[in-house]
Every structure is written in structure tokens, then in C-alpha cells.
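First to last, the sequence lines map onto chains A and B.
Here numbering that gives the first Met the number 0 is used: the first residue of the first sequence is 0, the next is one more, and so on.
Here numbering that gives the first Met the number 0 is used: the first residue of the second sequence is 0, the next is one more, and so on.
Because the hints were derived from the structure by calculation, they are not lab data.
Predicted model, so just to flag it, every value in this text is computed and none were measured.
There are no misleading hints in this set.
Now the stretches of chain A that chain B is said to cover, found in silico as 3 or more residues with beta-carbon under 8 Å:
| no. | region |
| --- | --- |
| 1 | 520-529 |
| 2 | 539-551 |
| 3 | 559-565 |
The beta carbon of each residue, even a glycine, is placed where N, CA and C say it ideally should be.
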Amino acid sequence: MAAKQKLVVIGNGMAGARTVEEILARGGADQFQITMFGEEPYGNYNRILLSDVLNGSHEASDIFLNSLPWYQENGIRLHSGVRVSKILRHSRQVIGEGDIVEEYDKLIIATGSVPFIPQIEGLKLGDGREKPGVFVFRNLDDCRRITEYATGKRAGAVIGGGLLGLEAARGLQNFSLGVTVIQRGNALMSQQLDQPAAAILKKTLEDLGIGVLLDKDTRRITGEDHVTGLEFADGSTLECDLVVIAAGIKANSGLAARAGLTVERGIVVDNQLRTVEDPRIFAVGECVQHRGQVYGLVAPLWEQAKVLADQLTGADPDSGYFGSKVATKLKVMGVEVASMGITEPSEAGDEVVQFTEAKKGTYKKLIIRNGRLVGSILLGDLRKAPYLSQAFERNTPVPEERLSLLFDIGAPSEQASVETMPADMQVCNCNGVTKGAIAGCVKLGKRTSKSVMEATRAGLGCGACKSLVSQVIAWACGAATEEDPSANYYVPGIPLSKPELVTVIRERGLKSVSAVFDALTGGEDDPASKPGLASLLNTLWAGEYEDQRDARFINDRVHANIQKDGTFSVIPQMPGGVTSPAELRRIADVAEKYHVPLLKLTGGQRIDLVGVKREDLPNMWRDLAMPSGFAYAKRYRTCKSCIGIDYCRYGLGKSIELAQEIEQRFQGLDSPGKLKLATAGCPRNCSEAMVKDVGAVAVEGGKWEIYVGGAAGAHVRKGDLLCSVDSHADVLKFSGRFLQYYRENARYLERTYGFVARIGIDKIRAVVVDDSEGIAEQLDSALQRSVDAYRDPWQEAHTQATPNQFRSSLPIVQ
Amino acid sequence: MEVTLGPITAIPEGEGRVFEIGATRVAVFRSRNGHVFATQAECPHRGGPLADGLLGDATVICPLHSLKFDLASGEGANGQCALRTYPARLGKSGQIVIDVREPT
Chain A
0 MAAKQKLVVI GNGMAGARTV EEILARGGAD QFQITMFGEE PYGNYNRILL SDVLNGSHEA
60 SDIFLNSLPW YQENGIRLHS GVRVSKILRH SRQVIGEGDI VEEYDKLIIA TGSVPFIPQI
120 EGLKLGDGRE KPGVFVFRNL DDCRRITEYA TGKRAGAVIG GGLLGLEAAR GLQNFSLGVT
180 VIQRGNALMS QQLDQPAAAI LKKTLEDLGI GVLLDKDTRR ITGEDHVTGL EFADGSTLEC
240 DLVVIAAGIK ANSGLAARAG LTVERGIVVD NQLRTVEDPR IFAVGECVQH RGQVYGLVAP
300 LWEQAKVLAD QLTGADPDSG YFGSKVATKL KVMGVEVASM GITEPSEAGD EVVQFTEAKK
360 GTYKKLIIRN GRLVGSILLG DLRKAPYLSQ AFERNTPVPE ERLSLLFDIG APSEQASVET
420 MPADMQVCNC NGVTKGAIAG CVKLGKRTSK SVMEATRAGL GCGACKSLVS QVIAWACGAA
480 TEEDPSANYY VPGIPLSKPE LVTVIRERGL KSVSAVFDAL TGGEDDPASK PGLASLLNTL
540 WAGEYEDQRD ARFINDRVHA NIQKDGTFSV IPQMPGGVTS PAELRRIADV AEKYHVPLLK
600 LTGGQRIDLV GVKREDLPNM WRDLAMPSGF AYAKRYRTCK SCIGIDYCRY GLGKSIELAQ
660 EIEQRFQGLD SPGKLKLATA GCPRNCSEAM VKDVGAVAVE GGKWEIYVGG AAGAHVRKGD
720 LLCSVDSHAD VLKFSGRFLQ YYRENARYLE RTYGFVARIG IDKIRAVVVD DSEGIAEQLD
780 SALQRSVDAY RDPWQEAHTQ ATPNQFRSSL PIVQ
Chain B
0 MEVTLGPITA IPEGEGRVFE IGATRVAVFR SRNGHVFATQ AECPHRGGPL ADGLLGDATV
60 ICPLHSLKFD LASGEGANGQ CALRTYPARL GKSGQIVIDV REPT
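This is chain A alone, in the form it adopts within the complex (with noise of 0.2 Å):
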């Protein structure tokens, strides 16, 4: 093997040692040996949490990343507290203090930044040596030296309104000071808020009990040996015993200029990463410049060491950086402030979204540019926080509803927020999973929701917790959470989303399922994704589809539901929930001469015959002579009903009879999820009609109303109205269309709810009513289709479609 390469890191900082641990993620170790160069006596920590450190909520302990036996572990050479004098790069070079030279193949610059110091009269005493009392505030050893300072003083004054100023303000709070924030500029945090946001910040912070000074312009701190207060452009004054300069930071990028390399406002590279002169020399993180910018986050800095990373190692050389969507949040007890891209509207056509409520500091503001949310504020309710900030960093559209942007409507209310939840909290109650064991498997280097979920099954029940787990999985990472590509997909193994599939489906003929899988994976089959593949393309190829048992779930092969002993339900199918004297006078046979040991009403009108054994099956259909009620499936189940108007004395609608059609149209019909279905006599829906899938309404003057994507199970959702109707075959019509319209375009496991909250009722009004797009025909056929293509699966009693389809175990036979 060739000899390993070494590789410099200058600077021990969240950019530094975020890039060094990239590296190793991918095999680095084997490639390069690493030294790495700290300014800082400590390991690595989280700078993020210095304010959190200042106002005592976290022990300078708590926010080490990396401690210094993690450097030996993994081989690094650390030279801590050691400065960096120089780079010569004729010999490949790095000078640092105490005569101490390491030599380099490859070098990364992660200098990151320094405090930005306005100038300002008596900053040092007469003599040149620093003024007691003045501080800026960027790493541990200035958090140690406010708090020896601070106890027992009375007054102290920030100079700076932006983020870190505020944090520094809040923090000071903690040792009794009367604390004022002085701003130079006429609003507070101006590069995140717009006006009115910045002054309902300020008023915020005074019912803290923060001063707030604008515009004044510091000229001098006064103070012989210490300070003792400060004078002002416009003449005022202001008493205090300490000052805390935040006034910003600049690129640490000084060592890089002597050494000849272009610096701007940052040390100015490529999408690689790389300085302009030196092909061996990259650069990361706050002390950078790429396309004009300087970032002063954490989230661009986590994406800059991924690409250099891949680059380094090799392990993706086609990886570029392009820039970074800025998103800030102000993390201070009692004020909470989110914002994101732009703060004003800048082209023809933004969008704005906006809501105020002075009084209790809430302010929210959305720009909306193509659909796509372009720029955020807000402040005082960051619930939406977490949605929103994904739509804007993964530019996806946001819904038509505006309104939903800014409130959870007639949603449950989200309980307390993932922050103050507390470790042993449960957040998948499916699985029991708390948000400690969550964020447990983030400490151990699992950063998608994918794998997330995978290590831990955290919302691998029935789902509803998913996007709370998310939340709970970015709360855990901090910026650091990873996209994970798969989100898109349509089924797991297959890294397309549902549109682009269809596409190669067609195109190429494909009709089975491992004829999908030799064409797109090299025939390897990946168990998750099977199901979802079948039931696409039985909607695509209907009767044309090549069925291969093995891509069904249990229940798909057997044509009941698996039971937690192994054994299955039958429900048969049960037209409006009608039976009569005969057929139940059948299943009470059956039931006893299977010793079926419960029977059960279901929630959908229909009689379920609980604990039948696998052999059983077949011999309880032929007996039953009712056809499969499709009760263990992704199609349609149920059409429940009210009684109707032949005698309900409120009825204006015949409900039964309308639920019988619909039920003999739709039997069988395969969907992304089950669908479950109601039709209501009157508007007082006692069949619940409001919260199916699909919901038909008998209204005053011999009307239908057409509710859709409604749900009552894991979530809660009221169906939204898609049309009024006339008939029983317009419901059948503009249901069906919908439905199809759903079964091509959701997501496999999407159930309705999600795909017209997703989606929105106007598009699909639209096109299902307006036909805006032209494919009624194409639809209603396509569904026709699939409804010709009906057969009972229970006529498997008679001809088993696979060898011992219905044992539960074999004999060995030699």
C-alpha cells in the first residue's frame, strides 16, 4: 500500500474537526495522516452552546464535541494551544509556535473567525494592556472571564443588537446586572427581521427587563483603570461596570493572506472548497468566501466539510459546494425568534403571508415566490418552525391553504415543544420510543430520519408520530441533519420518485416486479419495496399485470389479516352494512364449526370472524359463500352507512343504496392505502361520512355532497368538499375519477388525508371536476380499467394459487 499522505488541519474548531471527522467517516484514516493545529488548550466543543454556558444553563462540560483522548483514538496528532505562525508553501510547510513544523501533501485552512471590534475610544488602558471590564465573547476562555468578572457588578452594557449580542445580553442577566443592549443602527437583528419584527423584539426584551438603546454610535469607554461607563455619539451617556463587544465577527483569514493566498472578505475558493493559487490548499468553514459569501452559521460549515470530504478522500470527487440557504434561530430563554432567507419581498409577484399579534410578541411573516417560501420571520410561536424551515431549505412547494403555513388548524395542538420535552418522554407510542433513546442514536453518528428510524423503529408503527420524530431527530443533531434523499422515493430500494417510475414503467413494458427489479437494480429485490411495486403496477397494467405472490404482503397471499398468534380474520363483505337472516344464520355455522373463538362487529358495518387458522381458509370461504371484504388490504374496504331516508324520519337521501353501488364499483380496488369509505342520509352523518376517504352527504334538495381525504384513525382530519352533485351516478363518477387521480399520484402508504392536504383541494377540484388538464377521459378509463379487472380472491378456495398456499407448516417428505 502507498505510503499515507499528511494532511494539516489548522484550526480545532467546529469547522476543523467537523471536516477531520468527515474524512474518517469515509475511510480517511487509511489515506491520510492527520495532525491538527488548535489555538484553543481544550478539544473540540460546541460553540453554539457558549451562550448556554454564560447563563449557566450548560457546564463548559456539557459542550466538549470531541475530548482529547478521542484525538488518540482515532490516530490524530493534536497540537493544542498551539498558534499558528505561518505557511510556507515552497516547502510545504506549517510553522507554529514553540518552533513546532509539520509538513503537508494536503492542507486545510478552518482559521474560522474573530470578533469584529468597532472603533471605539479607551478599548485599552493608557499603558496598551487590556481594560478590566472590556470583553468581546467567542470562545470559553472569554465566557470564564465575564462570569469571574460579572459576579457582584452592577451594570453591564452589549454592544451589538444582532444575534450574539442578544445571547451575550440574556446570558449577563444570569449574574443580577442590570443590562442594557446598545445598537448602532436603528433596529435590532437586522440582517434576520424586518421593522415591524425587530421592534416587537425589542419590546420583548424589555419586559425582560433588557435596556435597548438605537442608534447610538459608541465613542469612548470611559474609565481610568476599569470601566465605568460609556459615551455616545449624540452626546448621552451610559453608567456601567462591564462591556461586552459583539459587534460581529470577521474571517480569521490573516495566515492565509501572508502566505499569498486571496482573501476578500473570507479566504476566497472553489465548489471545491480549494484556494485559488494553491491546488494543495482548501479552506473551510467561517474564515472562507465562496461566491461572495461568508457564512457565520453552523449549517453551511456542516455542508462545506462533506464536500471536502468526498473531495479529499475521493469518495464522491464529483461533490461541489453551491452556496448555502441561511437559516437562524435565537436561542434565549423567552424569546424565541426563527427567521430564514429574505425579510422583504424583492421581485414583482412575491407573496407576502403575514400575521400580528403585538401584544404577546408573536409575529409571523412568510415571502412566497413560485409557490415556494422564499423567506421567513418568526417570532414568539415557532411551532411551524421546523415545517417551514424544511420547505424553504429543500425548496418544496408549499400548500395553497396559506393559512396552514402560519397555525396548526384543527389540528391537535402539538403538545409542549421538543425542546422542553422531557428525555423519558414517549414519542412513538407504537414502539415506545422516548425522545432520549432518539437522540441517544444521533449521539451515535445516525443523522437521517431514515436511519434514525431504522436503528431505533421510532415511527415504523402506524405513522402518525413521524413528523414529531423528525422534529425530535433535528432538535437532537442541532443544523446537523442530513437530507436523506430517499424521502423522495417512491418505495425504498428504488431511487425514483413515483412520477419518474411511472415513466420507466411504461416506457419500458415492465409488468411484473422482478421484471422491475432486473431492469432498474440488476435484479437484486429489496423486501420493502415489493409491496409498494405491486400495487403500482397493478394500477398501471390492471389486467395486463404479471402477479407474483412473493412481492404481497402476508395478507395479500392468504386474503385475510395476520393476527399477533398467527392466526386470521375473515370478514366477509357486507354490501351498506345489509345482512339478512340467512347469512347470518350461515356465519353463525361457520363460526361454530371452526371453533372460531370470537366474533366482532367491525367499525366499517361488517362481521369479523377473529382466530381462524391458516388451513381453515379456504374451507370457511366455500362454506361462507360470500365473497373476500378485502379487509387486509391497500384497497378499498368499506363503504359504511346510515339508514336512509325509507326510514330515518330526518333522511333526505337513499344512503344504503348509494353505499351498495359504491361498494359494487369500487370492490377490490387497489390504492396507494385502504380506503375507507361513507355515505350519509342527511347532514347529520351519523355514518361519519366527514372523516373517510371518500364521504357522499345527502343535502336538502336532492343533492350530494362529496367530502374527501377525511380521517378518524391515527390522525384526524375533516374531508374537504370536493363537489355537489345530483345523482348517484355523479358520486360515483367524481369519486372514482378522485380516486384514480389519488392512485397515480400518491405516494405508496399515502393515505387520502396526506394527499389532499399535500396536494390541495383547489388542484384537485381542478382536475377532477374542471377537468383543468384534460385527462378526465384518461382517468375515468384507467379506473374502469381496474374495475373490470375485480375478481374475488376467495375463488382461491377452489384453485390455491401458489404450492401449500394455506399450510401452515410441512411434512418432511424424502
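Dock chain B against the given chain A, drawing on the hints supplied.
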């Protein structure tokens, strides 16, 4: 001890079936790419019937709670305990042969 269980055609392609060898229940899988695997029949999590699971490549997903196992090594993909596996092969004229000796 090697045991011949019967013809591979007793198991449809891409599926599994349970065989009873004395008091031992063994799940035997026939993958679409021609491999045969044998493991304990019940999922160690809640006793789910693994032979009814979805099979792909060398992985089975338990039908009850979707736990995943590697059929060659028995290892669980979700960090749960592993499956007992039995060496399995196709013998003469497509007979399934497995080795049910206690592991040493």
C-alpha cells in the same frame, strides 16, 4: 446432522415455508436469485411467523412488526437479537438439505 426436507418446488419463488423436524420448526426461504436459507421459524421479537415475511435478496421482514433480518448471518437490522440460522443447500434433483446440528 443433515436432513433432506423435500423438493424446492414446495416453496414458491421468493417466499418461505415452515418445516417441522421433530420438535424443531425451521423456516426455509427460496430467494428469487436461487439461494436457499433456513432459520428459526419464529421472530425473536414477538414470535411472528418469519416464513410469511417479505423476502428480498438475503433479507426477510417479519410480517408482524416489520423487523428485518439478514438470512445468511441471522443478524437483525434494527439492533435486536439475531436469528438462529441453519446451513442450507440444494441437493440432488432439487432437494432442500439443511444441517440441524447444534452450533458449536
